[in-house]
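From first to last, the protein sequence lines are chains U and D. Going by the UniProt record's numbering, the letters in the first sequence line up with residues 1 to 144, in that order. Going by the UniProt record's numbering, the letters in the second sequence line up with residues 1 to 384, in that order.
No wet-lab data here; the hints were simulated from the structure. Mixed in with the good hints, there may be bad ones.
Listed below are several chain D residues computed to face chain U (Cβ distance under 8 angstroms; list not exhaustive) [as the list claims (entries may be wrong)]:
#1 S63
#2 F67
#3 P126
#4 P133
#5 Q136
#6 L144
#7 R148
#8 D196
#9 V246
#10 A250
Glycine included, each C-beta is placed from N, C-alpha and C at the ideal position.
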Amino acid sequence: MIGTDFIAHSPETKPFWDAAAIGRFVLPQCTQCHRTHWYPRGICPHCLSMDIDWQESPGEGEIYSFSVNRMGKEPYVLAYVALAEGPIMLTNVIDTDPAALSIGTRVRVVFKPVAGQPPVPLVVMRSNRISQTRLVERPITLHL
Amino acid sequence: MNHDEQAYIVGAYEHPTRKAPDKSVAHLHAECAAGALADAGLTKDDVDGYFSASDEPGFRPVSMVDFLNLKVRHCDFTDIGGSAPLQHIAHAAQAIAAGKCNVALVTLAGRPRSAPVNFQPDVTQPDLLWERPLRQSLLDIYALCARRHMHEYGTTSEQLAWIKVAASHHAQHNPHAMLRKVVTTQDVLASPMVSDPLHRLDCCVISDGGGAVVVTRPEIAKSLKRPRVKVIGSGEGIQGQSAGGVELTASAARQSGAIAFAEADVKPNDIRYASIYDSFTITVLIAVEDLGFCEKGQGGPFVADGNLISGVGRLPFNTDGGGLCSNHPAMRGGITKVIEAVRQLRGEAHPAVQVKDCALALAHGTGWLMGTRHSSATLILERE
Ligand SMILES: [Zn+2]
């Protein structure tokens with residue numbers, strides 16, 4: 001399994017995946033310089049400290065930029081989301097009409113299982129109540 | 001570096017093919033190498049330095065040096081993406097100045113059009129762990145840059161379209177170009193929206209082909225018959241997501257350009273011709289700002305109204321048609337950027353696009369993905 005391979009090759013990020021497996025979104029924060037980073041590493045990319053604390057986050061943020069791919073049957077949205085804690089995260093906006101999006105739209109992290117992949121955090125519009133309560137849906141097709 | 005000791009580009013060759021179903025990647029590299037050496041008036045036995053990147057097959061420089069049966073004493077396989085050949089030329093100049101080699105060969109070739117590359121993810125790549133599960137394409141990542149630039153600076157799709165329009169005006173004169181039809185901004189805006197806000201005509205072509213360049217020391221350059229093109233400045237840079245502080249509207253060209261201009265001791269206003277990496281229109285727009293041709297945020301107005309068209313605007317760019325219209329061999333436009341700059345400085349560009357008395361040119365490359373992590377490499381070249 002590709003996902004298993006990925007995690008096996010990045011064992012330092014196991015705390016993130018363990019939290020994700022039970023639906024919790026955690027962010028790596030450095031205990032030395034107290035800064036949060038993304039994407040998660042076992043070292044702090046601000047000061048190279050190895051002392052990382054995995055802090056639970058409500059997973060709230062705003063769209064920093066987004067694109068709407070219209071080459072397939074259904075459009076999909078790739079976005080950078082500026083999390084409330086500071087870091088800007090690359091992700092997909094799901095279960096949301098692309099026409100409703102703009103830079104600044106408030107979004108919230110959800111986890112969806114992806115076949116053969118680790119459950120990376122995706123986001124939905126914060127006003128989208130259905131998706132907030134529905135954590136397990138159909139697998140997303142892999143797309144390179 | 002003392003300008004008297006700087007290296008020269010003495011040979012340049014662009015493969016005319018755009019589709020090569022009957023040629024191997026190694027053979028394309030070899031044809032480009034032979035073409036550039038013939039252009040310089042040198043032979044393979046003169047080559048003692050070889051520079052290449054991951055577009056070549058097998059054990060990379062080890063396989064290709066063996067395939068070409070070269071005897072080298074210096075090689076460099078720094079792969080910073082599509083901008084690699086520009087960096088290789090800079091590194092070749094540095095190696096020559098350090099006495100590590102005398103005649104450096106730089107090659108790039110590939111045939112993604114005839115044999116689409118089945119890209120296998122590197123499971124040890126740390127960033128990919130977080131990105132591969134996402135639905136995404138490289139197109140989407142560049143579209144993120146375009147959207148943010150529009151948001152911050154009011155840049156419009158029509159302004160981006162002007163970049164394609166300028167490239168098409170040049171490509172009509174290039175018999176090898178894949179897209180020779182002159183297009184208008186309306187044509188670009190009417191083409192399908194592939195990754196909103198980018199249209200299909202905001203994208204470069206996919207082609208087979210390649211090119212090669214020969215760099216050498218002043219004494220050897222002066223013994224050859226070809227016009228001499230001196231590498232008077234070079235710079236490079238890498239920019240990523242900065243641990244969560246990604247910048248989408250500015251690139252590593254700020255650094256590579258500033259270093260190159262300082263080394264050359266010239267200003268953006270002195271540049272008569274610019275080859276600018278054009279995987280997408282937005283790639284050009286951001287680079288034009290970062291290289292200092294206009295203020296940050298003013299790229300839209302700067303590229304509009306034909307300002308990049310030779311004979312019309314202030315900054316003639318990519319007069320071969322560039323990646324947007326001519327070719328993008330191996331999905332990498334770095335080598336062709338240098339080759340067209342060399343043509344301009346030699347006065348060998350197509351007469352319809354030749355910049356009059358072109359004595360100073362810039363060539364710039366962007367490698368990998370501007371919206372996530374990328375490299376920049378800038379060269380400033382002078383006709384002697
Ligand atoms: Zn730290």
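Exercise. Of the numbered hints stated previously, which ones are contradicted by the structure, given in increasing order?
Worked result: Structure breaks hints 1, 2, 10.
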